[in-house]
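Could you put together the complete structure from these sequences and hints?
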Amino acid sequence: MPLAKRIIPCLDVDRGRVVKGVKFTGLRGVGDPVELAAYYTAQGADELVLLDVTASVEGRKTMVEVARRVAEEISIPFTVGGGVGSVEDARRLLESGADKVSVNTLAVVKPASIAAISREFGSQSTVVAIDAKRNYTRGNPMLQDEQGREFWPEVYIYSGRKQTGLNAVEWSRRAEELGAGELLVTSIDRDGTGLGYDIPLLKAIAEAVSIPVIASGGASRPEHFLEAFKAGADAALAASMFHYRRYTIREVKDYLRRAGIVVRA
Amino acid sequence: MKIFIAATGVGNIHSLATALRRLGGEPEVTLSLRALREADAIVLPGVGSFSSALRRLEPLRPHLLEAVESGAPTLGICLGYQLFFRESEEGPGRGLELFKGRVVRLPKHVKAPHIGWNTLERVKQTPLTEGVEEGCFVYFLHSYYPVLEEQIAIAETTYGVTFPSIAGKPPAYGVQFHPERSGQVGLRILSNFLGEARR
Numbered sequence: 001m002p003l004a005k006r007i008i009p010c011l012d013v014d015r016g017r018v019v020k021g022v023k024f025t026g027l028r029g030v031g032d033p034v035e036l037a038a039y040y041t042a043q044g045a046d047e048l049v050l051l052d053v054t055a056s057v058e059g060r061k062t063m064v065e066v067a068r069r070v071a072e073e074i075s076i077p078f079t080v081g082g083g084v085g086s087v088e089d090a091r092r093l094l095e096s097g098a099d100k101v102s103v104n105t106l107a108v109v110k111p112a113s114i115a116a117i118s119r120e121f122g123s124q125s126t127v128v129a130i131d132a133k134r135n136y137t138r139g140n141p142m143l144q145d146e147q148g149r150e151f152w153p154e155v156y157i158y159s160g161r162k163q164t165g166l167n168a169v170e171w172s173r174r175a176e177e178l179g180a181g182e183l184l185v186t187s188i189d190r191d192g193t194g195l196g197y198d199i200p201l202l203k204a205i206a207e208a209v210s211i212p213v214i215a216s217g218g219a220s221r222p223e224h225f226l227e228a229f230k231a232g233a234d235a236a237l238a239a240s241m242f243h244y245r246r247y248t249i250r251e252v253k254d255y256l257r258r259a260g261i262v263v264r265a
Numbered sequence: 001m002k003i004f005i006a007a008t009g010v011g012n013i014h015s016l017a018t019a020l021r022r023l024g025g026e027p028e029v030t031l032s033l034r035a036l037r038e039a040d041a042i043v044l045p046g047v048g049s050f051s052s053a054l055r056r057l058e059p060l061r062p063h064l065l066e067a068v069e070s071g072a073p074t075l076g077i078c079l080g081y082q083l084f085f086r087e088s089e090e091g092p093g094r095g096l097e098l099f100k101g102r103v104v105r106l107p108k109h110v111k112a113p114h115i116g117w118n119t120l121e122r123v124k125q126t127p128l129t130e131g132v133e134e135g136c137f138v139y140f141l142h143s144y145y146p147v148l149e150e151q152i153a154i155a156e157t158t159y160g161v162t163f164p165s166i167a168g169k170p171p172a173y174g175v176q177f178h179p180e181r182s183g184q185v186g187l188r189i190l191s192n193f194l195g196e197a198r199r
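So the sequences go chain by chain: A and B. The first sequence begins at 1 in our numbering and counts up one residue at a time. The second sequence begins at 1 in our numbering and counts up one residue at a time.
Wrong hints could be hidden among the right ones.
[Unchecked claim] Listing some non-contacts, in silico: residues in chain B with all C-beta distances to chain A over 12 Å: (1) R86; (2) L98; (3) P113; (4) P179; (5) R199.
[Claimed, not checked] Straight-line Cα separation of at most 20 Å, EDC-like style, residue types lysine to aspartate or glutamate; simulated pairs: (6) K108(B) / E177(A); (7) K162(A) / E120(A); (8) K108(B) / E207(A); (9) K133(A) / E120(A); (10) K133(A) / E170(A); (11) K108(B) / E176(A); (12) K110(A) / E176(A); (13) K100(B) / E149(B); (14) K133(A) / E207(A).
Source of the hints: derived by calculation from the structure; they are not laboratory data. All values reported here derive from a predicted model rather than from experimental measurement. Yeah, the Cβ is synthetic: ideal placement off N, Cα and C, and Gly gets one too.
What follows is the structure, encoded as structure tokens:
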């Protein structure tokens with residue numbers, strides 16, 4: 001039996017509470033992170049991602065505490081990301097019980113930090129999160145959207161507020177070279193829309209690198225997971241569709257198993 | 001029951017300590033010789049790198065080997081398991097040589113690290129794997145794996161190559177996955193290990 005494809009619920013945490021944004025704005029509260037983590041573990045989640053969306057330094061201390069409580073509660077792995085600003089931040093989260101840390105803005109602003117974190121804690125604990133948005137107006141078009149229009153995927157940082165001019169596919173390759181052990185690829189265009197993952201983007205990145213890729217942004221139906229896995233993703237993340245109980249993880253897994261994808265029972 | 005968890009590096013030892021505590025053990029993450037001597041069981045966790053972990057263990061090496069030889073139940077997890085071998089492609093350093101073999105990098109044609117849930121295929125039945133079903137999923141997070149030079153495999157896993165995901169020369173056992181992160185199956189293995197230590 002080969003390695004199973006992973007289903008990963010994502011918890012956006014603001015000052016210790018789970019919230020979920022729509023296109024990175026308009027947050028709505030949905031619950032306690034520890035309670036939700038236990039709920040998803042029991043439902044068959046393969047892993048969890050906790051994203052700290054708190055802006056303040058105070059809030060980050062809260063996240064270390066959340067990580068510790070989640071680690072004590074569940075027996076599956078989890079990644080913590082959002083606001084990781086230094087090797088020391090990464091250390092505190094890992095020591096609190098996170099299995100991996102993900103870096104996003106820090107990785108772009110200071111690429112050497114990827115190497116530093118990877119050297120210190122191992123590439124297996126180093127996730128680089130990439131937020132990408134389709135750019136139709138400038139740069140070298142390289143991908144085609146669903147209507148056949150050409151675009152290139154541009155990396156955004158600071159929670160989608162600042163564009164970087166970096167091509168997400170090239171940045172993926174660079175992140176791998178620097179020591180990333182996994183990529184968490186979020187489509188800003190699709191996030192919160194329920195229209196499905198950005199398949200051309202995932203396909204291009206999965207072909208460009210030889211580390212695992214987690215698809216993120218846009219899932220609302222079991223078919224979307226199948227599309228992501230067919231495009232080469234190793235894991236797929238979703239938030240709203242699970243938080244609002246449109247589908248359970250088990251329903252998604254049953255669907256995938258019938259479609260011939262290996263998933264953990 | 002006192003469990004010595006070797007402080008071989010920075011990383012998530014918290015989950016392992018929590019799991020062992022929940023199963024009734026008294027884990028201590030340390031490099032103290034006193035703690036090693038008082039321990040009923042020894043765990044080498046999956047944190048750090050081959051070279052850095054060995055450097056940290058260096059002062060304890062003779063005492064650690066003596067404890068294992070005198071029958072202290074010992075469990076190596078992930079990198080901790082890899083430390084049991086002679087050498088590793090990950091970096092320089094002479095391993096503990098509790099098991100015969102060496103540690104090599106996963107083949108180029110598969111994605112590394114090997115991250116996620118993969119299956120255990122039984123090679124032989126042991127007390128450590130009692131109640132662990134054939135083909136069950138456990139959680140892996142590694143780029144290197146051991147190649148055995150003696151027949152001590154307990155279970156195997158395939159990812160580009162078939163490797164010994166559990167091996168043992170009782171009372172020493174090694175697992176390449178993270179039992180503390182493998183749901184009920186992992187907790188069962190840890191519980192079996194503590195059962196060995198209680199005997």
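Here is how each hint holds up against the structure:
At roughly 21 Å from the closest C-beta of chain A, the C-beta of R86(B) stays outside 12 Å, upholding its exclusion from the interface. L98(B), annotated as away from the interface, keeps every beta carbon of chain A farther than 12 Å; the closest lies near 22 Å. Not every CB of chain A lies more than 12 Å from the CB of P113(B), the least distance being 4 Å, so the non-interface label is violated. Look at P179(B): its CB is around 9 Å from the nearest CB on chain A, not clear of 12 Å, so calling it non-interface is violated.
Listed as outside the interface, R199(B) is consistent with that label: its C-beta sits roughly 25 Å from the nearest C-beta of chain A, beyond the 12 Å cut-off. Pair hint K108(B) plus E177(A) holds up; C-alpha atoms about 15 Å apart against a cutoff of 20 Å. About 29 Å separates the Cα atoms of K162(A) and E120(A), which puts this hinted pair outside 20 Å; it is violated. Restraint check for K108(B) and E207(A): the C-alpha separation of about 15 Å stays at or below 20 Å, so the hint holds.
For the given pair, K133(A) sits about 31 Å from E120(A) by alpha-carbon distance, which is inconsistent with the 20 Å threshold. Note on K133(A) and E170(A): the hinted pairing holds, with a Cα-Cα distance of about 14 Å set against a maximum of 20 Å. Restraint check for K108(B) and E176(A): the C-alpha separation of about 14 Å stays at or below 20 Å, so the hint holds. Only pairs whose Cα atoms come within 20 Å are accepted, and K110(A) paired with E176(A) is accepted, the gap being roughly 15 Å.
Straight-line distance between C-alpha atoms of K100(B) and E149(B) comes to about 5 Å, which keeps the hinted pair within the 20 Å bound. Restraint check for K133(A) and E207(A): the C-alpha separation of about 19 Å stays at or below 20 Å, so the hint holds.
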